[in-house]
Amino acid sequence: MSEKNELLFEMRNIEKIFAHVHALDHVNFDVRKGEVHALLGENGAGKSTLIKILTGVYTKDGGQIFMDGKEIEINSRDDAADAGIAVIFQELSLVPTLSVYQNILLGKEQSRFGFISDRAEKQQIQELIDRYGFPVKATDIVETLSVAQKQMVEILKALAADAKLVIMDEPTASLSSRESELLYKIINQLRDRGVSIIYISHRLEEVFNLSDRITILRDGKNAGVVEKENIVPSEIVKMMIGKELSESTASRELHTSDAEVELAVKDLTHIGAYNHVSFEVKKGEVLVLTGLVGSGRTEVIRSIYGADPYDSGEIIFEGKVIKPSIKRSVANGFGLIPEDRRTQGFSPLLSVTGNVALTSYDKIAKGGFVNKKDEDALGRKAVELTDLRPANPNVKVGDLSGGNQQKAVLGKWLTRDLKVVLIDEPTVGIDIGAKDEIYNIIEGLAEQGVAVLMVSSDIAEVLRVAHRIIVMREGKIIKEFNHGVATQEDILLASSGFVDEKEAA
Amino acid sequence: MSNTIKNNPVYKAIMSSSRILVLLVLVIFFTAVTKGTFFSYKNLVNILYSVSLIGIMICGACFAVLLGGIDRTVSGNAALSGAIVAMTILNGGVSAGNVALAIFLGLGAGVLSGLIHGLILSRFNIPAFLLTLATNEILYGFVQVATGNTLIYIHDCTLMDYIGQVRWLGIPIPVYIMIACIIFAYVVLNHTVYGRQVYSVGGNRQASELSGIPTRKVILIAYIISGFMGALAGFVLSAMNQQASAGQAKNYENNVLAAIVVGGVSMRGGSGSIQNAILGAFLIGVIENGMNLMGVPAIYKDMAKGIIIIVAVAMDMASVQGTPVNNFLRRFKKKSA
Amino acid sequence: MKQMRQETLRRIISLVLLVVLIAVFTFTTDTFLSWDNITSMLRECGVVGILAIGITTCIITGGNNLSAGLMLGMVCMVFAHLYHYTALSLIAIILICLLAALAAGAFNGFAVAILQIPDFVATLSTGMVFQGITYILAIRNQYGSITSEMIKNPTMALLGGKLGNGIYYVTIAWVVISLIMQVFLKKTKMGTYIYAMGSNRKSAEYSGISFIKVKMVAFLISALCSFIGALFFLGRYGTNDVDSGSALSLQAISASVIGGAAFSGGRGDMIGTLIGVLFMQVLRNGVLKFNMTTAQQSIISGVIIVLMLVFDAYYNEFMQKRTARAAALAREKEGAGK
Numbered sequence: 302m303s304e305k306n307e308l309l310f311e312m313r314n315i316e317k318i319f320a321h322v323h324a325l326d327h328v329n330f331d332v333r334k335g336e337v338h339a340l341l342g343e344n345g346a347g348k349s350t351l352i353k354i355l356t357g358v359y360t361k362d363g364g365q366i367f368m369d370g371k372e373i374e375i376n377s378r379d380d381a382a383d384a385g386i387a388v389i390f391q392e393l394s395l396v397p398t399l400s401v402y403q404n405i406l407l408g409k410e411q412s413r414f415g416f417i418s419d420r421a422e423k424q425q426i427q428e429l430i431d432r433y434g435f436p437v438k439a440t441d442i443v444e445t446l447s448v449a450q451k452q453m454v455e456i457l458k459a460l461a462a463d464a465k466l467v468i469m470d471e472p473t474a475s476l477s478s479r480e481s482e483l484l485y486k487i488i489n490q491l492r493d494r495g496v497s498i499i500y501i502s503h504r505l506e507e508v509f510n511l512s513d514r515i516t517i518l519r520d521g522k523n524a525g526v527v528e529k530e531n532i533v534p535s536e537i538v539k540m541m542i543g544k545e546l547s548e549s550t551a552s553r554e555l556h557t558s559d560a561e562v563e564l565a566v567k568d569l570t571h572i573g574a575y576n577h578v579s580f581e582v583k584k585g586e587v588l589v590l591t592g593l594v595g596s597g598r599t600e601v602i603r604s605i606y607g608a609d610p611y612d613s614g615e616i617i618f619e620g621k622v623i624k625p626s627i628k629r630s631v632a633n634g635f636g637l638i639p640e641d642r643r644t645q646g647f648s649p650l651l652s653v654t655g656n657v658a659l660t661s662y663d664k665i666a667k668g669g670f671v672n673k674k675d676e677d678a679l680g681r682k683a684v685e686l687t688d689l690r691p692a693n694p695n696v697k698v699g700d701l702s703g704g705n706q707q708k709a710v711l712g713k714w715l716t717r718d719l720k721v722v723l724i725d726e727p728t729v730g731i732d733i734g735a736k737d738e739i740y741n742i743i744e745g746l747a748e749q750g751v752a753v754l755m756v757s758s759d760i761a762e763v764l765r766v767a768h769r770i771i772v773m774r775e776g777k778i779i780k781e782f783n784h785g786v787a788t789q790e791d792i793l794l795a796s797s798g799f800v801d802e803k804e805a806a
Numbered sequence: 245m246s247n248t249i250k251n252n253p254v255y256k257a258i259m260s261s262s263r264i265l266v267l268l269v270l271v272i273f274f275t276a277v278t279k280g281t282f283f284s285y286k287n288l289v290n291i292l293y294s295v296s297l298i299g300i301m302i303c304g305a306c307f308a309v310l311l312g313g314i315d316r317t318v319s320g321n322a323a324l325s326g327a328i329v330a331m332t333i334l335n336g337g338v339s340a341g342n343v344a345l346a347i348f349l350g351l352g353a354g355v356l357s358g359l360i361h362g363l364i365l366s367r368f369n370i371p372a373f374l375l376t377l378a379t380n381e382i383l384y385g386f387v388q389v390a391t392g393n394t395l396i397y398i399h400d401c402t403l404m405d406y407i408g409q410v411r412w413l414g415i416p417i418p419v420y421i422m423i424a425c426i427i428f429a430y431v432v433l434n435h436t437v438y439g440r441q442v443y444s445v446g447g448n449r450q451a452s453e454l455s456g457i458p459t460r461k462v463i464l465i466a467y468i469i470s471g472f473m474g475a476l477a478g479f480v481l482s483a484m485n486q487q488a489s490a491g492q493a494k495n496y497e498n499n500v501l502a503a504i505v506v507g508g509v510s511m512r513g514g515s516g517s518i519q520n521a522i523l524g525a526f527l528i529g530v531i532e533n534g535m536n537l538m539g540v541p542a543i544y545k546d547m548a549k550g551i552i553i554i555v556a557v558a559m560d561m562a563s564v565q566g567t568p569v570n571n572f573l574r575r576f577k578k579k580s581a
Numbered sequence: 007m008k009q010m011r012q013e014t015l016r017r018i019i020s021l022v023l024l025v026v027l028i029a030v031f032t033f034t035t036d037t038f039l040s041w042d043n044i045t046s047m048l049r050e051c052g053v054v055g056i057l058a059i060g061i062t063t064c065i066i067t068g069g070n071n072l073s074a075g076l077m078l079g080m081v082c083m084v085f086a087h088l089y090h091y092t093a094l095s096l097i098a099i100i101l102i103c104l105l106a107a108l109a110a111g112a113f114n115g116f117a118v119a120i121l122q123i124p125d126f127v128a129t130l131s132t133g134m135v136f137q138g139i140t141y142i143l144a145i146r147n148q149y150g151s152i153t154s155e156m157i158k159n160p161t162m163a164l165l166g167g168k169l170g171n172g173i174y175y176v177t178i179a180w181v182v183i184s185l186i187m188q189v190f191l192k193k194t195k196m197g198t199y200i201y202a203m204g205s206n207r208k209s210a211e212y213s214g215i216s217f218i219k220v221k222m223v224a225f226l227i228s229a230l231c232s233f234i235g236a237l238f239f240l241g242r243y244g245t246n247d248v249d250s251g252s253a254l255s256l257q258a259i260s261a262s263v264i265g266g267a268a269f270s271g272g273r274g275d276m277i278g279t280l281i282g283v284l285f286m287q288v289l290r291n292g293v294l295k296f297n298m299t300t301a302q303q304s305i306i307s308g309v310i311i312v313l314m315l316v317f318d319a320y321y322n323e324f325m326q327k328r329t330a331r332a333a334a335l336a337r338e339k340e341g342a343g344k
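Chains A, B and C, in that order, are what the protein sequence lines are. Residue numbers for the first sequence follow our numbering, so the first one is 302 and each next one is one higher. Residue numbers for the second sequence follow our numbering, so the first one is 245 and each next one is one higher. Residue numbers for the third sequence follow our numbering, so the first one is 7 and each next one is one higher.
Since the hints were derived computationally from the structure, they do not count as laboratory data. Quick reminder that beta carbons are idealized off the backbone N, C-alpha and C, glycines included. Mixed in with the good hints, there may be bad ones.
[Claimed, not checked] Under the rule of at most 25 angstroms between Cα atoms (straight-line distance), these lysine-lysine pairs were calculated in the DSS-like manner:
no., chain 1, residue 1, chain 2, residue 2
1, A, Lys-539, A, Lys-736
2, A, Lys-423, A, Lys-567
3, C, Lys-327, A, Lys-409
4, A, Lys-423, C, Lys-195
5, C, Lys-327, A, Lys-777
[Claimed, not checked] Examples of chain A residues lying across from chain C (beta carbon under 10 angstroms, computed):
no., residue
6, Val-396
7, Leu-407
8, Glu-410
9, Val-448
10, Val-671
[To be verified] Okay, the calculated beta carbon distance ranges per label pair:
no., chain 1, residue 1, chain 2, residue 2, range
11, B, Val-266, A, Asn-633, 48 to 54 angstroms
12, B, Phe-283, A, Arg-378, 54 to 60 angstroms
13, A, Asp-369, C, Tyr-320, 43 to 49 angstroms
14, A, Asp-369, C, Arg-328, 47 to 53 angstroms
15, A, Ile-617, C, Tyr-212, 33 to 39 angstroms
16, A, Val-358, B, Phe-283, 55 to 61 angstroms
So that you can see chain A by itself, here it is in the shape it has in the complex (with noise of 0.2 angstroms):
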């Protein structure tokens, strides 16, 4: 704290080539003593990739990496810690069964012929805890404290092992409002006793409030530096983007806008994930639902689907009201494309063929025997219509790359006589060029005359995509954009927090 400008940490020129590809392109970093220093960027920009690399995850291709002003080598996390860096990890790292102290000095246990002084050890973490006045206790057992009580905790496990930088990557994402304001207060005192802070959040207005500094990253480059002082929110957005996308919505007009509605919901109501959520699709239509992780985009489909609840409101699919069962919506002509492929999508250990029949069972089965012609065919009639490669519909799912595990899971659905197809986030981990591919397979399915349900938080793909969007923020609808009039700048801004209240209303 002796000179607030002082530098704790440099990264220099950082280089990191996935296949190829430059995922960072001599990328700079630094953090002063006693900073929270916030790092920007969209998917993809390399902000994740920065920091697997400076917590050991990742060796870098170039470049070097300064401590203290002295050159380190990070290649484990065990470096990374050594090196007084922590991570507060987003899925939480403590062991539930455990209490507060001993979750904290785990593997760093003061013992005696392997007798923990236990007394002690609560003591000294009890007084961790009072110096931070954290509403947690020493002897706490984990798995009985709150989200945010143990992110506390994760919190003073840095803190015990004297880390002089403090990485939250998304901290407030499965935080209520109030939880994070006492996060914020966390982090301010951690400034104040000279921790310096790298944060990560996809909302904008915390980063704002918090941040000394910002960094932004946009393509694995440098997209510049901003002070505290000269924060201007559309300024930000705008290196975050990039240059305007040529193509945007305004380039595609919906066809069918007089088309009839397919699906409708009407304050539909889970409590804690949505609320009052209401839209309607039309035949042949896209619509897309963005904003934040966390806003309940992928739960309001997954309750259209049947495969999750909820508490009140109507699901009307072509002018009836409908009580989905995952059953009933196959037989509907209801298709989902889950969030996580790989658990909730595909059959790794089928083929192609395999996991595309699945749901064709009533077409290609007699008696309950399968017709393998009729099998056959079907595959690969799905390797065709998703032209996925290779096109050997006899390839195990699991041997594909990203992109043709995700066309084999659409070829599930193709297959069929889809009338509406919900897509929750299809493109997440696929390389560009299948990602063009996806696109231009929904947009084949919207000109048959499907009605498109979409989740996506990938802005450029929300208006590649879209004839309209609606942006969903803590389970509510905020804004509804139709198409051509949204551009990046609007959405990103709506999403994260910044809508004029006249315009919410």
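Place chains B and C on chain A using the hints.
For chains B and C alone, coordinates are given in the frame of chain A:
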């Protein structure tokens, strides 16, 4: 020339399965060591006969394993069914009607047991291994109650005599029953919607559920099939021995599990085939038989089986997580570095 | 909001069940609560209880040990074999037995931690190996068939004895080892690591705790328990038959589960297992008073285990739902307040 060989289906089958190769090597080895006794017609029939019971059980238990579960009650179901058949015949005589009733009750007990297991395991997240370990004890308790802990002989029952003693083309009837069961399991697993669903649910239950597959029903049916096959094996066992006892078929579930695992059916579910599981049974059968012929005392068989399972599962795990030796060395290196 | 811990509730439930069971048998039979019956029940608890200590330790690491009972059988047979065929001193024999048990435990650890075989399958298979060894070592008559042979050693017989007030040494050993292990689990570094590994393997490993080491320690402890159990088993019966082991494992596992140990790991302790063993024994003893056969007993104890398993699964599901629901409502309330 070489191409025609390579396209030969038999050649393909052999090369695609290392187990067949191992089996061939073992057969040659034992034939050489026993100076041909092993490969005699009589001994080969012996092997078939000794594998037949396990084979029938595998045709049921395989479904549970493919779903990522396990069914250790095949032996209890067999014992119970055998006891019920024997007791019904003992009490009601050997008239055709009564024998039919006996079979119906025996197999029905297996189906009922499978139904109960299926209901519990499809609804609750309970380790199938432990549940069936406990229920197998219950089943044996019932067997003891039914038999009164005594050996029950079945006399003069034409059907049982027929199954136990008659040979068609020199091959005992139980072998034909096993073949019928294998065909049944093969057809169900490879040609029916249900079979496809078994593989899918075993591979990824969540994804299957979202595709509209009734996953609970799939699990339920698997355990019913398993119960039925266990009971059928018990009936055949009683016919072979012309008797039923309180402890019959005990520990057969270990042999079944060993065969399935050695056959390369993954304990994690979703992959493996009935052919390979049966092949696993033959591998173990050949080893046991060969050891017998070589004069190795029977007491070494348990040990051999235990070690075979360890090796087979270790190989299965290594194929997913890297070989244990490498992992160990890596960890070790990391620590010393 | 803080919630009552899952364990606390489970402890209360299992204690209540035990008390109810004792009450039922006290009122329905007249001999149940006699001092003789109590001491003999506690004697019966001994060997199973000692095995259950080791098995619970394995379960807390997120594993299991089906081979514990068969290992006990093997150790008994090693003892009997050496005693019958060699002229070694008692101390030497006991030392060799200890080494055999530790080697067997290390073999379990090797199969689970290094070969990465799931605990159930691994210990089932190693159990088969132990049983094979038991057969091989069995004492045979001149025709080569297995015979039964009493070990008539006064020192060993002492282990089967009792104090003046009727409490058997095996009971004391069981309780003392349970208490020692309870302290070990709760107060030592390794004990904490055992819980951490079972509860969240990843975070334990991130904290620098070795999976291999923890598993090895758990299986070695279990082997030690099998060894001690074997000595008392021999002290009491003076003999061992080759098939006695597998039923013991199952009883001990059931006791662990009833006592609150969860197969998912990280939960359970020795006090719970103590209650579980008592529960099983009270049940068996009480049922015995109704003149039930062994068959009926095994049916009833089997059914109770199944009910406990179903209850446990249902209970966990219920608690998860309740927690999620409570969190959702809290979020909702706050949202409305804004």
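Against the structure, the hints:
1. Lys-539/A <-> Lys-736/A: Roughly 24 angstroms separates the two Cα atoms, so the pair holds.
2. Lys-423/A <-> Lys-567/A: Outside the cut-off at roughly 53 angstroms; violated.
3. Lys-327/C <-> Lys-409/A: Distance of about 35 angstroms is beyond 25 angstroms: violated.
4. Lys-423/A <-> Lys-195/C: Holds: Lys-423/A and Lys-195/C sit about 14 angstroms apart, inside 25 angstroms.
5. Lys-327/C <-> Lys-777/A: Holds: Lys-327/C and Lys-777/A sit about 23 angstroms apart, inside 25 angstroms.
6. Val-396: holds, 5 angstroms
7. Leu-407: Result: holds, 4 angstroms to nearest chain C Cβ.
8. Glu-410: Given a least distance of 5 angstroms, the restraint on Glu-410/A holds.
9. Val-448: Nearest chain C Cβ about 8 angstroms off; hint holds.
10. Val-671: With a minimum Cβ separation of about 32 angstroms from chain C (threshold 10 angstroms), the hint on Val-671/A is violated.
11. Val-266/B <-> Asn-633/A: 48 to 54 angstroms: holds, 51 angstroms
12. Phe-283/B <-> Arg-378/A: 54 to 60 angstroms: For Arg-378/A against Phe-283/B, whose Cβ atoms are near 59 angstroms apart, the range 54 to 60 angstroms holds.
13. Asp-369/A <-> Tyr-320/C: 43 to 49 angstroms: The hinted range 43 to 49 angstroms is violated for Asp-369/A and Tyr-320/C, with Cβ atoms some 55 angstroms apart.
14. Asp-369/A <-> Arg-328/C: 47 to 53 angstroms: holds, 48 angstroms
15. Ile-617/A <-> Tyr-212/C: 33 to 39 angstroms: violated, 49 angstroms
16. Val-358/A <-> Phe-283/B: 55 to 61 angstroms: Roughly 58 angstroms apart at Cβ, these two residues keep to the hinted range, so it holds.
Going down the numbered hints, you'll see the structure goes against 2, 3, 10, 13, 15, while the others check out.
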